[in-house]
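Number of protein chains: 2
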Amino acid sequence: MIETPRPATRGPYRTGIERRAQLVAIAIEVFGQRGFAGSSLRTLAERADVSHATLIRHFGTKEGLLIAVLQEWERQSAEHDLADVSGLAYLRRLPDIMAGHRRNRGLLELFTTITAEASNPEHRAHAYVVQRYETNLRTFARHLQAAVDAGDVGALSPAQVALEARLLTAALDGIGLQWLLDPNVDMALATRTYLERAIASWRRVARPTA
Amino acid sequence: MIETPRPATRGPYRTGIERRAQLVAIAIEVFGQRGFAGSSLRTLAERADVSHATLIRHFGTKEGLLIAVLQEWERQSAEHDLADVSGLAYLRRLPDIMAGHRRNRGLLELFTTITAEASNPEHRAHAYVVQRYETNLRTFARHLQAAVDAGDVGALSPAQVALEARLLTAALDGIGLQWLLDPNVDMALATRTYLERAIASWRRVARPTA
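Chain order of the listed sequences is A and W. Per my numbering: the first sequence ends with 219, consecutive numbering throughout. Per my numbering: the second sequence ends with 219, consecutive numbering throughout.
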């Protein structure tokens, strides 16, 4: 359970925004545990100790709540401010970012579960998840291409850059899943081991001849 | 939809075993689409065009059906008979095995979804999934250790062997997930690229001094 402090009375200081954020936090927990498909607004309302009507007022539908939850995931992910780094320096932040998931297991569990469920084209979050992967792959590819252009690694072809972005994404997803299954898994060590080997192999690719 | 040929009449040739196998095939499809948590026996009964009582007679509970489905996954996985190979030869079969998932998308979707859902310790398949990962990690580690012992790669420590088994598992899981999201992903190429780079790096580790 997420511990949400509950005031003795519902005063005017309890704004709608705070309440909404609490409901999103509870939804993250419940979706993470049961998946989106396995969660009902009724379960969420019971867990949050609010009425069904309150949930509807804040989110409209279960899909509206899912979107709010996914936006919260994006917002928390964006807190890893990487705007100041690019190329290999960006990629080398990834072990710390993976280690950071330990502070919010529920969100990683949620994202992993929704992604798997939504791999089915009929799932209501399918388009969102596909879009999110494409964006992520492009981001990794852009930073690797920057490293190629800077001469920090060899002259990987565009196809190689795209494949490396896929493999990196795959490794991160798989490492996160294994940590969810076994909290003793050292996500930072696994990510660093993957990444340093990849960088070493990229560096063995020939530089372009001038 | 899985196309299950339906005889015009239900004669004695339609054995309980055949019927059970058909129900498992439909359950694989439905669990894969909706996850275990999001599937009900009612949905399964409707999709299979059988009564709720028939499902209960064959499987007892939804959990009983899940176990039957997971056993079918194990059975189909075991059809990749790898008993004849070990060490690097075993690991080098993995690209073909990954490519083989294209023939049964539903089962990969099911396994990916159940694994993600069941990463939560309260999920009813949690113990099964944890056990399955441990077995899988041990298998990969055993084959890599065989390669170390045979001198096919350098003298990786037991901790390195264990970490490499994790990274390989992570890459395979992540590659499968990306293919589910985008059928254009070449699972065999991605797996081979990962594996050949890993093998090359293992070979750069010093052999034990005699």
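Hints were generated in silico from the structure; no laboratory data involved. No experiment lies behind these values; they were computed from the predicted model shown. Fair warning: there could be bad hints in the mix.
Said to hold, decoys possible - According to the in silico footprint, chain W covers these stretches of chain A (three or more CB under 8 Å from chain W): (1) 39-50; (2) 184-191.
Stated by the list, open to error - DEER-style ranges, computed between Cβ atoms: (3) Ile65(A) to Asp105(W): 46 to 52 Å; (4) Arg102(W) to Asp93(A): 42 to 48 Å; (5) Asp191(A) to Ser60(W): 38 to 44 Å.
Where is the CB? At the ideal position from N, CA and C, for every residue including glycine.
Evaluation of the provided hints:
1. Check on the segment 39-50 of chain A: 8 of its residues sit with their Cβ under 8 Å from a Cβ of chain W, so the three-residue criterion for coverage holds.
2. Check on the segment 184-191 of chain A: 6 of its residues sit with their Cβ under 8 Å from a Cβ of chain W, so the three-residue criterion for coverage holds.
3. A hinted range of 46 to 52 Å for the beta carbons of Ile65(A) and Asp105(W) is consistent with their spacing of about 51 Å.
4. The supplied range of 42 to 48 Å is met by Arg102(W) and Asp93(A), whose beta-carbon atoms lie about 44 Å from each other.
5. For the pair Asp191(A) and Ser60(W), the supplied restraint of 38 to 44 Å holds, since their beta-carbon distance comes to about 41 Å.
When held up to the earlier numbered hints, the structure conflicts with none and fits them all.
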